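Engineer: Sequence:
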Amino acid sequence: MMDEIEYKLESTNPVLISHATSKLFESIKKKKCDRQTDHISKIPEFKLLLTKRDSTNVTLSISACQALTALVENGLWDINEALATFISSISSIKNYMVATTTISHLLILDLKRDTGQENIYPFTLHTPQHPFITILTQDKRSWQTILSQMTFILNHQDARIREKGMKMLRPVFLYVLCNPSSDSMDYCMQQIWQLLIKSRHSTYVQTEVLLWMCTAEIHSCTNTNYRILELAEKAASEGNREYCTALLPMIVSLVIQLLQQGSDPTPNFHVILFIIDHCDSYIGNLVLTLMAEVIALCPAIYLYTTLQICTMIAKKMSYNDVFFYTLIASILKWIAYPSVLCSEALDMARDLASEMFTRTKLTCNNETIFSNKLFTVFTHSDPYIQFYTELVHCLSIWNQNDILSWLNNISCVPTYLKDKCKLLISGLLLQSNEPQIVQLCCNILVDVSRERTNFGSHVLSLVLHKLTKCKSSIESKCLLLVMPELMITKENVPIVNHTLNQLLNGDKQLKYFIIELYLKALKKEPRCYRFLFAAIIKVMESDLSWYSDATCARAMKHICENYPEHGEKLVPLILQILNRSTGMNGGTASALALGCISALYKASVIDIYSTWRVLSPRMEKEKRSVVLESLCELLADVAFYAPSSQCLEEHDHQLIDDIVSKLWKYTTCSDVKVIKAALKALASYRLEQLSLKTLPVEFRYNLVLPATYAKIPTDTVKKPEDVLPYIPGVCWIQMLQNINKMTLSAAGNLLISFVIEEVNSFRSGMYDWPQGEPQNFKYLRDKSVIRAVGEYLRKTNKFDSNNHCIVTECLRIFAHKYPKPLPNVNWSFLKDTFHLSAEAKQYTLSIACHHATISSSAKSFIEDYLLTYKSVNDAEDFIWKDNEHPILYSNLEYLCQAVQPNIIKRFLETTLECAIKKMNENSIQSFHCIMYSYAQALRNPEICHANSTLLCTILEELLDKIDLTCDRFYPYFTAALELPMEHLERTTSPKVWWETMASKLKNAIAIRAELSLKKSNSEASLKWLNEIIGETFASTSSVQTYFLEIIQKVQANMQFERSSSNWILELMTQVQGFLMDSSQNHNDKIQFYCTVLFTSVISLSGIDSMLMKRDLVIKSQNVRIKLFPQALTLLSDRENWKHAIPQMMEWLNYMRTNHISNTYKYTFHRALISLRHNSYYKNVWSKYLSIKTDIDI
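The UniProt record's numbering numbers the first residue of the sequence shown as 1 and each following residue consecutively.
No lab work stands behind these hints, which were simulated from the structure alone.
On a predicted model such as this, the values are computed, not experimentally measured, just so you know.
Every residue gets a Cβ at the ideal spot worked out from N, C-alpha and C, and that includes glycine.
One or more hints might be untrue.
In silico DMTMM-like pairs for lysine to aspartate or glutamate, Cα to Cα no more than 20 Å straight-line [unchecked claim]:
1. K1161 / E1135
2. K469 / E622
3. K961 / E942
4. K569 / E622
5. K477 / E451
6. K524 / D637
7. K1049 / D963
8. K991 / E942
9. K520 / E561
10. K841 / D782
11. K1000 / E1031
12. K29 / E4
13. K602 / D543
14. K918 / E863
15. K859 / E773
16. K31 / D78
17. K693 / D722
18. K523 / E491
19. K870 / E909
20. K905 / E863
21. K662 / E622
22. K817 / E884
23. K831 / D768
24. K1049 / E1027
25. K820 / E884
26. K47 / E6
27. K32 / D54
28. K47 / E73
29. K662 / E688
30. K665 / E633
31. K140 / D186
32. K905 / D963
33. K316 / D351
34. K1015 / D963
35. K94 / D78
Quick list of the computed label-pair ranges, beta carbon to beta carbon [claimed, not checked]:
36. R452 / V992: 32 to 40 Å
37. E698 / D658: 16 to 24 Å
38. K1023 / P1142: 17 to 25 Å
39. T949 / K1161: 52 to 60 Å
40. E217 / Q191: 56 to 64 Å
Model the full assembly from the supplied sequences, consistent with the hints where possible.
Structural biologist: Shown next as structure tokens:
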């Protein structure tokens, strides 16, 4: 019998094949019923059937498969085993049509089974893979057969099979429609999509497909676009307003993406015009904003249709005026740069722009847009809609103060975020008449144009249009100030110049302002010099007023200082100003003209000798203070650019003497400002450049020639100024005694400059005195300024009140911090100056501190004084009475080098305790001074180790006494961050504490946050926060809130640090670790760590700056879960985050399949969808889509 069956099976006659197959079926059925074998696979006839299913004879193959299917239908062969058998043989199958049909029948049989519970289908896109997908990957030509079988299933007469079939075929739809590969299923995509959108029970799968469709590359964007257009046309033909309303923003967004990729958006325009009548009016605000993006991108050929759509939106939909202004802001550039290629479109553009001033409409209900669940779901898949939806919603409900606050926030964000908001801000600029809002909008748009120079012409068209409409002078001034900033764009230069040149014909005040604008333009664009030069000439010719001269002189001074190569052309204009600005009102112009001369001299454009010959006679009779001050500044510059004394020729010497004589002459005049200016100018000269004969007589009287210069009797009758090649030190004391007492400090500053020059010439041997400190300064040369001042302090009568001011000034000179210490001496004479006055006391303490490291007498003096600090009460007396402790603290690094800890400790403790005991303004300033001094001392490697340890101990003990969350204790960070890292780690580690108190934990959080910011360029910067997170979770809610605030602050300051992305990955790994630990319940901890994660990612992206109140991220979980996906999208575009995105995507995929709250699962689903445009997605898309997406519809 088997031979007969074999014979019939080998024939080509379908009847014989059918008959033989039937015989095999009956035989198998009989043996199975008679229980001749325990399993069907052992029946020979069954084995024969299996071998024939892969026959090259199609009829035989079909018949064998039909028989095998019948075995399943009759319950003779387990359906799961049957499916597994057929699926496993797909790779070796010879006829895919037969296999597809058979598997389809088996799947239908599986669908018919009623298990009494919801069917869970095992097939996915990845593993285990749906058999239809496997067949498609093996043989793409099988798509028609697969489509036929899918159509049969979804149109089955049994409603249960239709419904279950959609769920079972979900992987196939996703595989065909969401494939991001360049060799995707383009050939069958449309048919598969049509089947899906026309099938019943397809809403969920259809929505899931829409969410996962890609638009990152041209081919995927084009495919996605056509699928959405087909769905929109179907929805419109059915009058489905919900779908049309949700799809319209997506279609407009796709227009933007198509334009960016160089594709044709015409089909989109046609569909928009077709469905717009079926859309709800409340999406007007969003669609207008998206259309503004389209207009900013589209070539001229699409402009007419684009504007036609905008006109329809304006007529049919509700909108707020700010969004209509946003649209107009995009249109204005087209109007400003007309083209014959779009003349008809420009007529429509002008009509729209004019409509802006005749009608505005308001949305009825700004919350309605969020009631459309489909729209809400779709926002997660589109970056443009995602970004604009929330922003448009906020701008719709904010008042003017809210908008002002928001603009202030935006002013501080990185430029790439400003760039995303630029069109809406353009709309605000046009819409608002509030000067503050206008100014902020202008500043933000200028910032964007600096990064994107092609946007500069757009901003200029807005500013010019706004200028024609505004009525406020403040607003007009703000707009005009922006124009020079926009000259960074080449095409803007002639337009801005033409505008300013036209305004130059206005009234006087406007002329002067235009010169300032030209000057501002020059600072931005050096090529604007010719425009400024022409404007200066025009104003000087037409306006002879002193204000005109001052304005032009100021502009010329800037040119001379910054672009001296143009200075030679300005010399006639400078001389013209000097010649005609002779009155009191002309002083400012003359002073500025002298500044021009000084700048040109420094740049070697003009010669100082010839210049001085011209200026000197002019200045002889000059009495105006402002001019003489400027002249002194000019003469000071000669010192810096004159040759050294060794290179000076005779005429050089004469020039220096003439200038120095002139300056000394000014020091004896009655004008305090001129005296100070002259003394300041003299300080620019080296002591060797000054000669005795140039000094005023009152500064060099009763001089006696030293013995070395009076060796014969005739020498004694010679005048010292004719003999001495230097200025004796005593002259400087005479200067202090005879100078105008209101300028005594300026004279002291002159001597300080000479002392700096003198100490810099000292060698190390100057400070070595093995036999003890000298008792006076007479070992220094007669010309030494230090000797003169020191000897005066030693010998003068301290009890004579007439000497007090000179003594105090000499103390100030010695108290200055010089590059090297003053020469050694016995400083015991300081005891006599200590009690002269509070000021003298401060200078005396400074001198002693500066020299305590090299002088035993100075060290003894300061140690005796420090020992007077015994208690807090003593400290209060000292601190508040004489304000002396800031002097001691400003010299703390010197004290820590010279004084032992047992002596300085009491002073440090009592003053610090006093500073934190009182909470008034003085104590806050004292605390700041103390902490800054601690930091300075700890930075100094020369302080002794014992004192360094003392400072560390005091700072550690202080941490338990203060609250670092209070601003008044912020200076503590300055000192604490100078401590050794290991010390800081131990101090702020809760693990080593006996008890973890909330206040102490907050302090530790604050310190570690500041440390993270300080080390922000280090890979380990954020790791300082790791240990604290776990402790914060176990603490109070107030500590948790504070920690989130700190995290937000830290991450906002580390947005562009590479270490940030690595830290986020570590945080994600910790969360994953908690989920994998089954030993205990970590749900609460996971929730807190996720809150930290969300806050960090949002802050790092900068998206929280888009909120009016950034603390909403801390306070509201809804805000965090809403912004988290969008924040990840922004971060994924940054170059320093590219390496981290694949790991983040894997983490998100892991999290959405774990046992966490549905809210978090939904958030992770959305976040993963937002990242599907990343290149890594191509490698793992089938794995991700195998997991069912949570969709709230």
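Engineer: It remains to establish, for every hint, whether it holds in the given structure.
Structural biologist: Consistency of the hints with the structure:
Distance hint between K1161 and E1135 is unfulfilled; the C-alpha atoms sit about 28 Å from each other, more than 20 Å. Among the hinted pairs, K469 with E622 is inconsistent with the structure: their alpha-carbon atoms are about 50 Å apart, more than 20 Å. Note on K961 and E942: the hinted pairing is violated, with a Cα-Cα distance of about 30 Å set against a maximum of 20 Å. For the proposed pair K569 and E622, the alpha carbon gap of about 26 Å is over 20 Å, so the pair is violated.
Between K477 and E451 the alpha-carbon distance is near 24 Å, which puts this suggested pair outside the 20 Å criterion. Note on K524 and D637: the hinted pairing is violated, with a Cα-Cα distance of about 28 Å set against a maximum of 20 Å. With a C-alpha separation of about 18 Å, the suggested pair K1049 and D963 falls inside the 20 Å cut-off, and the hint holds. For the hint pairing K991 with E942, the CA-to-CA distance comes to about 33 Å; that exceeds 20 Å, so the pair is violated.
The straight-line distance between the Cα atoms of K520 and E561 is roughly 14 Å, inside the 20 Å bound, and the hint therefore holds. Restraint check for K841 and D782: not satisfied, since their Cα atoms lie roughly 29 Å apart, outside the 20 Å limit. Between K1000 and E1031, the direct Cα distance comes to roughly 12 Å. Compliance with the 20 Å bound is thereby established for this hinted pair. Restraint check for K29 and E4: the C-alpha separation of about 19 Å stays at or below 20 Å, so the hint holds.
The hinted pair formed by K602 and D543 fails the criterion: a straight-line CA distance of about 30 Å is larger than 20 Å. Annotation: proposed proximity of K918 to E863 is violated, straight-line Cα distance about 27 Å (limit 20 Å). Using a Cα cut-off of 20 Å, the hinted pair K859 and E773 holds, with the two alpha carbons roughly 12 Å apart. For the hint linking K31 to D78, the alpha-carbon distance of about 16 Å falls within 20 Å, and the restraint holds.
Note on K693 and D722: the hinted pairing holds, with a Cα-Cα distance of about 7 Å set against a maximum of 20 Å. For a cut-off of 20 Å, the pair hint linking K523 to E491 stands: about 18 Å separates their Cα positions. The hinted pair formed by K870 and E909 meets the criterion: a straight-line CA distance of about 10 Å does not exceed 20 Å. For a cut-off of 20 Å, the pair hint linking K905 to E863 stands: about 11 Å separates their Cα positions.
About 12 Å separates the Cα atoms of K662 and E622, which keeps this hinted pair within 20 Å; it holds. For the proposed pair K817 and E884, the alpha carbon gap of about 17 Å is at most 20 Å, so the pair holds. Of the pairs offered as hints, the one joining K831 and D768 is violated, with about 24 Å between alpha carbons and a cut-off of 20 Å exceeded. Annotation: proposed proximity of K1049 to E1027 holds, straight-line Cα distance about 18 Å (limit 20 Å).
Only pairs whose Cα atoms come within 20 Å are accepted, and K820 paired with E884 is rejected, the gap being roughly 24 Å. With a CA separation close to 13 Å, the supplied pair K47 and E6 stays within the 20 Å bound. At roughly 24 Å between alpha-carbon atoms, K32 and D54 are farther apart than 20 Å, so this suggested pair is violated. Of the pairs offered as hints, the one joining K47 and E73 holds, with about 18 Å between alpha carbons and a cut-off of 20 Å not exceeded.
With a CA separation close to 17 Å, the supplied pair K662 and E688 stays within the 20 Å bound. Between K665 and E633, the direct Cα distance comes to roughly 15 Å. Compliance with the 20 Å bound is thereby established for this hinted pair. Distance check on the hinted pair: K140 and D186 sit about 11 Å apart at the alpha-carbon level, within 20 Å; holds. With a C-alpha separation of about 23 Å, the suggested pair K905 and D963 falls outside the 20 Å cut-off, and the hint is violated.
A hinted pair counts as satisfied when its Cα atoms are at most 20 Å apart, and K316 with D351 qualifies at roughly 16 Å. With a C-alpha separation of about 23 Å, the suggested pairing of K1015 with D963 is violated against the 20 Å cut-off. For the suggested pair K94 and D78, the alpha carbons sit about 24 Å apart, so the restraint of at most 20 Å is broken. Between R452 and V992 the CB atoms are about 52 Å apart, so this pair departs from the stated range of 32 to 40 Å.
Hint check: E698 to D658, Cβ distance near 20 Å, so the stated range 16 to 24 Å holds. Roughly 22 Å separates the CB atoms of K1023 and P1142, a value that falls within the hinted 17 to 25 Å. Separated by about 54 Å at the C-beta atoms, T949 and K1161 satisfy the suggested range of 52 to 60 Å. A C-beta distance of roughly 22 Å is found between E217 and Q191, which places it outside the suggested range of 56 to 64 Å.
This entry does not satisfy hints 1, 2, 3, 4, 5, 6, 8, 10, 13, 14, 23, 25, 27, 32, 34, 35, 36, 40, going by the numbered hints stated previously.
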